[in-house]
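Enquirer: Residue-level listing of the chains:
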Amino acid sequence: MLTAGPTLAGDPAITEMQPWRRDLGDPIDDALYGMPSPFESDVTRGRVEWLTPDAYTAINFTPLHELDGIITPNGLCFQRSHAGAAQVDPAKYRLMINGLVDRPLVFTLQDLLRFPRENRTYFLECAANSGMEWRGVQMDGVQFTHGMIHNVEYTGVPLRYLLDEAGVKTAGKWLLAEGADAAAMSRSIPLEKALDDCLVAFKMNGEALRPEQGYPVRLVVPGWEGNMWVKWLRRIEVGDKPWHHREESSKYSDLMADGRTRRFTWEMDAKSVITSPSPQAPVLHGKGPLVVSGLAWSGRGTIPQVDITLDGGINWIKARLSGPSFDKSLHRFYYEFDWDGRPLLLQSRAHDSTGYVQPTKEALRKLRGVNSNYHNNGMQTWHLQSDGRVENVEIS
Amino acid sequence: MSRFLSLIIAVMLLAGTALADPLGLGRVAEPDEIAAWDIDVRPDGTGLPAGSGSVAMGEEVFVEKCAACHGDFAEGVGRYPALAGGMDTLQDERPTRTVGSFWPYLSTTYDFINRAMTVGYGEPASDDEIYAIIAYILYSNDLVDEDFVLSRENFTSIRLPNEGGFYMDDRIQTEHPLFIRPACMKNCKDEVQIIARVETAFIPADMNRDGSGKTRLAIGETLFGQCRACHQIGDGAQNGVGPVLNGIFGKPAGSNDRFDYSDAFAMMADEELVWDFDALNAFLKDPQGFIPGTTMNFTGIEEDFDRNALIAYLQAQGP
Numbered sequence: 001m002l003t004a005g006p007t008l009a010g011d012p013a014i015t016e017m018q019p020w021r022r023d024l025g026d027p028i029d030d031a032l033y034g035m036p037s038p039f040e041s042d043v044t045r046g047r048v049e050w051l052t053p054d055a056y057t058a059i060n061f062t063p064l065h066e067l068d069g070i071i072t073p074n075g076l077c078f079q080r081s082h083a084g085a086a087q088v089d090p091a092k093y094r095l096m097i098n099g100l101v102d103r104p105l106v107f108t109l110q111d112l113l114r115f116p117r118e119n120r121t122y123f124l125e126c127a128a129n130s131g132m133e134w135r136g137v138q139m140d141g142v143q144f145t146h147g148m149i150h151n152v153e154y155t156g157v158p159l160r161y162l163l164d165e166a167g168v169k170t171a172g173k174w175l176l177a178e179g180a181d182a183a184a185m186s187r188s189i190p191l192e193k194a195l196d197d198c199l200v201a202f203k204m205n206g207e208a209l210r211p212e213q214g215y216p217v218r219l220v221v222p223g224w225e226g227n228m229w230v231k232w233l234r235r236i237e238v239g240d241k242p243w244h245h246r247e248e249s250s251k252y253s254d255l256m257a258d259g260r261t262r263r264f265t266w267e268m269d270a271k272s273v274i275t276s277p278s279p280q281a282p283v284l285h286g287k288g289p290l291v292v293s294g295l296a297w298s299g300r301g302t303i304p305q306v307d308i309t310l311d312g313g314i315n316w317i318k319a320r321l322s323g324p325s326f327d328k329s330l331h332r333f334y335y336e337f338d339w340d341g342r343p344l345l346l347q348s349r350a351h352d353s354t355g356y357v358q359p360t361k362e363a364l365r366k367l368r369g370v371n372s373n374y375h376n377n378g379m380q381t382w383h384l385q386s387d388g389r390v391e392n393v394e395i396s
Numbered sequence: 397m398s399r400f401l402s403l404i405i406a407v408m409l410l411a412g413t414a415l416a417d418p419l420g421l422g423r424v425a426e427p428d429e430i431a432a433w434d435i436d437v438r439p440d441g442t443g444l445p446a447g448s449g450s451v452a453m454g455e456e457v458f459v460e461k462c463a464a465c466h467g468d469f470a471e472g473v474g475r476y477p478a479l480a481g482g483m484d485t486l487q488d489e490r491p492t493r494t495v496g497s498f499w500p501y502l503s504t505t506y507d508f509i510n511r512a513m514t515v516g517y518g519e520p521a522s523d524d525e526i527y528a529i530i531a532y533i534l535y536s537n538d539l540v541d542e543d544f545v546l547s548r549e550n551f552t553s554i555r556l557p558n559e560g561g562f563y564m565d566d567r568i569q570t571e572h573p574l575f576i577r578p579a580c581m582k583n584c585k586d587e588v589q590i591i592a593r594v595e596t597a598f599i600p601a602d603m604n605r606d607g608s609g610k611t612r613l614a615i616g617e618t619l620f621g622q623c624r625a626c627h628q629i630g631d632g633a634q635n636g637v638g639p640v641l642n643g644i645f646g647k648p649a650g651s652n653d654r655f656d657y658s659d660a661f662a663m664m665a666d667e668e669l670v671w672d673f674d675a676l677n678a679f680l681k682d683p684q685g686f687i688p689g690t691t692m693n694f695t696g697i698e699e700d701f702d703r704n705a706l707i708a709y710l711q712a713q714g715p
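Residue numbers (this note's numbering), protein chains in the order written: chain A, 1 to 396; chain B, 397 to 715.
Be aware that a few hints might be false.
As the list claims (entries may be wrong) - Facing chain A, from chain B, some residues (calculated, C-beta under 7 Å):
{"no.": "1", "residue": "L421"}
{"no.": "2", "residue": "I430"}
{"no.": "3", "residue": "W433"}
{"no.": "4", "residue": "R438"}
{"no.": "5", "residue": "L486"}
{"no.": "6", "residue": "W499"}
{"no.": "7", "residue": "D507"}
{"no.": "8", "residue": "A579"}
{"no.": "9", "residue": "Q589"}
{"no.": "10", "residue": "I591"}
{"no.": "11", "residue": "A592"}
{"no.": "12", "residue": "T618"}
{"no.": "13", "residue": "G621"}
{"no.": "14", "residue": "R624"}
{"no.": "15", "residue": "A625"}
I should point out that these hints are in silico values taken from the structure, not numbers from a laboratory. All C-beta atoms, glycine included, are put in the ideal place defined by N, C-alpha and C.
Isolated chain B (complex conformation):
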């Protein structure tokens, strides 16, 4: 039976056999209350307020209110999402899903920006400003010209390129027949080989125990013993042969201005190296290999597990 046929039957059944009588609980919602909360917008335009805005106005508002996270051209900053680009990438190895390349309906931009990006992460914006921002997002996706003006009146005439790319969940038809079957229990294959394993997995601080049952953080602390000859860490730590390592995780390299770094190190600092997981991992594996000429006279830590633990320990130390 189709989902919708059974839906109709369920509704009919309910109409007949519902809870005997309403309990008379709750009270009637007032029109101004409904207006305050009923903010949703649908693909057919239901819920759109009166208003309009141009690409030019949108660019101004977007740069002021949105660009810090989404970039001046809606290209995304850091791990904040891009809102433009990625056209025709949906079959690529690494697709880019944006309003232009992926979203099926333009109404979703109005609804989402209004509900989630004018509070919390964002800043208040008027209805006209939201129309303008959307005009600018469309422009950034090469979907409209620079003199375009978006309004409630022309809103539903704008169709996004991937509208036809979505279809209803069909796992029941396409997948379940393959997996609803007796399972093999004996001699199901001839041989088995490991074809992939985790290389350098990153697990946050204190989330793992080694064979002795100690936590990763405790192991890291022990391993830090190898660094103590040259580095201090914790309250009252001072520079020694090497710089203080308080809060080193996430800090730019060579940024301790009381410490006299080698030229090799100063160069990395100029290149804006930051001690994130990958950088620390590479440096601690092979200091001389990662920064040739560094005066950190230390051979490195061979074991992946040990480096993970040590980095977890460094990460856990405060500034």
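Excised from the complex, chain A in its bound form:
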């Protein structure tokens, strides 16, 4: 509502001369690689120390509450490495393809740049995203409940082209993708997926991959758990059987309540979360027009619909999707309404193009128990209080 009429003193932001109006700004040479405004210096990735043994096999989280649209800026993409972020010299970068192939090959970075390229936007979600919430609410910020995800436009060569170049033998059914870092991360990937949509990528959002994202080359495995997107990719071996390596047996496998374990749980099921309001993004303006904003995604397709509830799931309303709807990519949704200042229980619910509807956490716990660590795609509840603060809760 606009109010007019005599006021005693004007807003000093207007009536007083501001330094940025009076003085020349910074010379353009000050920022040859541009950085965000110093007023945004608290918008960073954040780490939770007790999650991992140290800072080398460690994870930090994307500040989802500060972001909008669908693209994650490169410097804010969450980071997970198992032996630190390797700094690989591109002049000494080599990609080997060996195993059940007609011609074992070695490519340099320059060789890769001579194949036809594609640009595709995909989310990468760590299998452990929201894993700390299996037993109940624990983290008071969307950055920490859901921030093991980023969404990036990749430029790369379809892995299929490289495999064709080497000639996969008919007995070849599986690939082992391996990194060049001190963890030599290794994962088994079925050939079918490699031929379908995997990319060997060297650019993210238009520029070279960041070191912590696998510079100079990483594997892109659309819709599948982030650990398989091997960074610093140095080797692809073709074999007839999976390898059952550590990251697909000891880790990234889902222990069920009956003591048995699902293996090869690759696809990330449909999921969504409200990024604002959320505990780190409280409502500062009081009642009146309020924008609810959030993200939805599915490792099995696109997101045709997202629903929002304000009353903890008694009634649901369709949210408005805005921005491109790419396959296996983040989708941005909004819901705008007039908040009367009463406490709300906010949730979002994604529908994906297979017809799958995002379940509650309780429904998943009934099926899996609470020890599976990975693949928690249950609905998140935020309690918006009258004073604008937001807390992470679970509801009946």
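Starting from the structure of chain A, add chain B where the hints point.
Expert: This is chain B only, laid out in the frame that chain A set:
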């Protein structure tokens, strides 16, 4: 269609419609190059090098090269993983997943130790030493006797107890039918109650704003005003009524040897109290309650949010 049937079809399709011709890019990999990088080992034993090692030798090598992080008996140190124990705990409230209790295949230990624990975190080890270490890990899990010797020849005869405990992802069959259905939009339940909320959540420094939009760190700095009567912090800080608090986060309690602590405090120091998040949180909530008899004459900070912010501020201060 099963995943594998469709796989075969995809492969056949590809064979027919592949990229017209190879581009002739790249060059042939030399045998010594493949040998240098092709280090992977599979459950059927493919990739295992020649060699052998005993439990006794393994104990020696393990204590020397691995125990700093994994413990003398492979029981794990701090947050570094345990490699032994946890047998029959997979259905417990808090299962312990180790090589013995959880891993399906022994080959994974050879592969992983060789690829990731003889560089980076670990130290170089010969093939015989790796066999010996694995023999020792098996022994620590009560799976072999103390005179056992592991070699490439007997490797695949060792089966781990949980091999049969794994099965292929079946979400499509067991879960999707439950969740692929029309969603309720109106009057979906009668009432809703909050059944759980975050009690004392720990968020790292400067990662949160309060209702005024200030960062947590800025709020912590303001709150530190209450401590300034007795404590200094930052460059050139001196002991006053209370000790200097530079770098206090993570430090042992009462470790400033220029400061004369109370007996009550000295006792906590003897008990090796460390100022981690939980300890600071409890102390700052109720100093007298947490350390009865302390001479820190301060009532405490009631609000969880404020204590979080203050601790974030203390954590952010350098040594």
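Enquirer: Check each numbered hint against the structure and report the violated ones by number, ascending.
Expert: 12, 13, 14 and 15
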